Amino acid sequence: MNPKTFQRVKEIFEAALEQDSESREDFVRRECSPDTELTREVLSLLSHHDPEATFLEGNLF
Amino acid sequence: MPDNPQAVARLIRESRSGDENALSQLFPVVYQELRRLAGNYMRREAHRTLPATALVHEAYLRLLGEKQVHWKDRAHLLGIAARSMRQILVERARARMAKKRGGGQHAVTLIDETLGQNARSIDFMALDQALRALAELDPKQARLVELRFFGGLTLAETSEVMGISPATTKRWWALSRAWLRRELNG
Chain A
1 MNPKTFQRVK
11 EIFEAALEQD
21 SESREDFVRR
31 ECSPDTELTR
41 EVLSLLSHHD
51 PEATFLEGNL
61 F
Chain B
1 MPDNPQAVAR
11 LIRESRSGDE
21 NALSQLFPVV
31 YQELRRLAGN
41 YMRREAHRTL
51 PATALVHEAY
61 LRLLGEKQVH
71 WKDRAHLLGI
81 AARSMRQILV
91 ERARARMAKK
101 RGGGQHAVTL
111 IDETLGQNAR
121 SIDFMALDQA
131 LRALAELDPK
141 QARLVELRFF
151 GGLTLAETSE
161 VMGISPATTK
171 RWWALSRAWL
181 RRELNG
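From first to last, the protein sequence lines stand for chains A and B. For the first sequence, the positions run 1 to 61 when this note's numbering is used. For the second sequence, the positions run 1 to 186 when this note's numbering is used.
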């Protein structure tokens, strides 16, 4: 991935989070079409999204 | 090396306006102070917990005293402290690894009694590497993690230091976390 692609990924990832979780995948497929690689990347990131916010949250010490 | 709040405040102002020389003088001061503070806490009771933000703020107070400084100077210093904290933790993890390697073991995960529950399972060397990769794609995404995680800054403080809205900070934080989580799990 290059910085330019990443900005596109970022845009769609952020917009996808604004959607209901059920319609998220359809939204991403629609936005990324016909770029399958972009679709895969955004969906992969969404699958690692941590709404409970535990990863890297909390005190270090 | 400057040892009084006035000198430190001057260095902050100068380095903020892009003076590389001031920054190279300031960084070791902040770094040493944080390391000393971290060392003190780690020598105390093993079960004591302390947020990184307390360390960073204590370092800040000790370096500047009660002196009123411009918020941009304050933000700049917090940024340097967060960078120092990252470096300190990665160095400790590396030293630990070297020790374990010497003993013929291949422990990758850092287990350190002085770290809080949340941080114990984190492989700081891998995290550091993943952050470098993220910085190449989008430096701001990596910077945010440094401030928020290593500097222990709140969302509000992070948005102040980065000069972005709290809503943007929240969105970027979600993306950085998802990206790093994937890199570290994979």
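Everything labelled a hint here was simulated from the structure, so no lab data went into it. It is possible that some hints are incorrect.
[Stated by the list, open to error] Simulated crosslink set (SDA-like; lysine to any residue; CA at most 20 Å straight-line): (1) B:K140 / A:R24; (2) B:K170 / A:M1; (3) A:K4 / B:A126; (4) B:K170 / A:E11; (5) A:K4 / B:A133; (6) B:K170 / A:P51; (7) B:K170 / A:H49; (8) B:K140 / B:G79; (9) A:K10 / B:A178; (10) A:K10 / B:K140; (11) A:K4 / B:R171; (12) A:K4 / B:E136; (13) B:K140 / A:E25; (14) B:K99 / A:R8; (15) A:K10 / B:D138; (16) A:K4 / B:R94; (17) A:K4 / B:G79; (18) A:K4 / B:A142; (19) B:K140 / A:P3; (20) B:K170 / A:D50; (21) B:K140 / A:M1; (22) A:K4 / B:A135; (23) B:K170 / A:T36; (24) A:K4 / B:L137; (25) A:K10 / B:G79; (26) B:K170 / A:R8; (27) B:K170 / A:F55; (28) A:K10 / B:I88; (29) B:K170 / A:A15; (30) B:K170 / A:R24; (31) B:K170 / A:N2; (32) A:K4 / B:K140; (33) A:K10 / B:R86; (34) A:K10 / B:A174; (35) A:K10 / B:I164; (36) A:K4 / B:T168; (37) A:K10 / B:R181; (38) B:K170 / A:F6.
Note that the structure is a prediction, hence the values are computed from the model and not measured.
The hints, checked one at a time:
no., hint, result
1, B:K140 / A:R24, "violated (25 Å)"
2, B:K170 / A:M1, "violated (23 Å)"
3, A:K4 / B:A126, "violated (25 Å)"
4, B:K170 / A:E11, "holds (14 Å)"
5, A:K4 / B:A133, "holds (14 Å)"
6, B:K170 / A:P51, "holds (12 Å)"
7, B:K170 / A:H49, "holds (13 Å)"
8, B:K140 / B:G79, "holds (12 Å)"
9, A:K10 / B:A178, "holds (11 Å)"
10, A:K10 / B:K140, "holds (12 Å)"
11, A:K4 / B:R171, "holds (18 Å)"
12, A:K4 / B:E136, "holds (11 Å)"
13, B:K140 / A:E25, "violated (26 Å)"
14, B:K99 / A:R8, "violated (43 Å)"
15, A:K10 / B:D138, "holds (10 Å)"
16, A:K4 / B:R94, "violated (33 Å)"
17, A:K4 / B:G79, "violated (26 Å)"
18, A:K4 / B:A142, "holds (16 Å)"
19, B:K140 / A:P3, "holds (12 Å)"
20, B:K170 / A:D50, "holds (12 Å)"
21, B:K140 / A:M1, "holds (17 Å)"
22, A:K4 / B:A135, "holds (13 Å)"
23, B:K170 / A:T36, "violated (27 Å)"
24, A:K4 / B:L137, "holds (8 Å)"
25, A:K10 / B:G79, "violated (24 Å)"
26, B:K170 / A:R8, "holds (18 Å)"
27, B:K170 / A:F55, "holds (14 Å)"
28, A:K10 / B:I88, "violated (30 Å)"
29, B:K170 / A:A15, "holds (13 Å)"
30, B:K170 / A:R24, "holds (19 Å)"
31, B:K170 / A:N2, "violated (23 Å)"
32, A:K4 / B:K140, "holds (14 Å)"
33, A:K10 / B:R86, "violated (25 Å)"
34, A:K10 / B:A174, "holds (10 Å)"
35, A:K10 / B:I164, "holds (16 Å)"
36, A:K4 / B:T168, "holds (19 Å)"
37, A:K10 / B:R181, "holds (16 Å)"
38, B:K170 / A:F6, "holds (18 Å)"
Of the numbered hints stated above, those contradicted by the structure are hints 1, 2, 3, 13, 14, 16, 17, 23, 25, 28, 31, 33, listed in ascending order.
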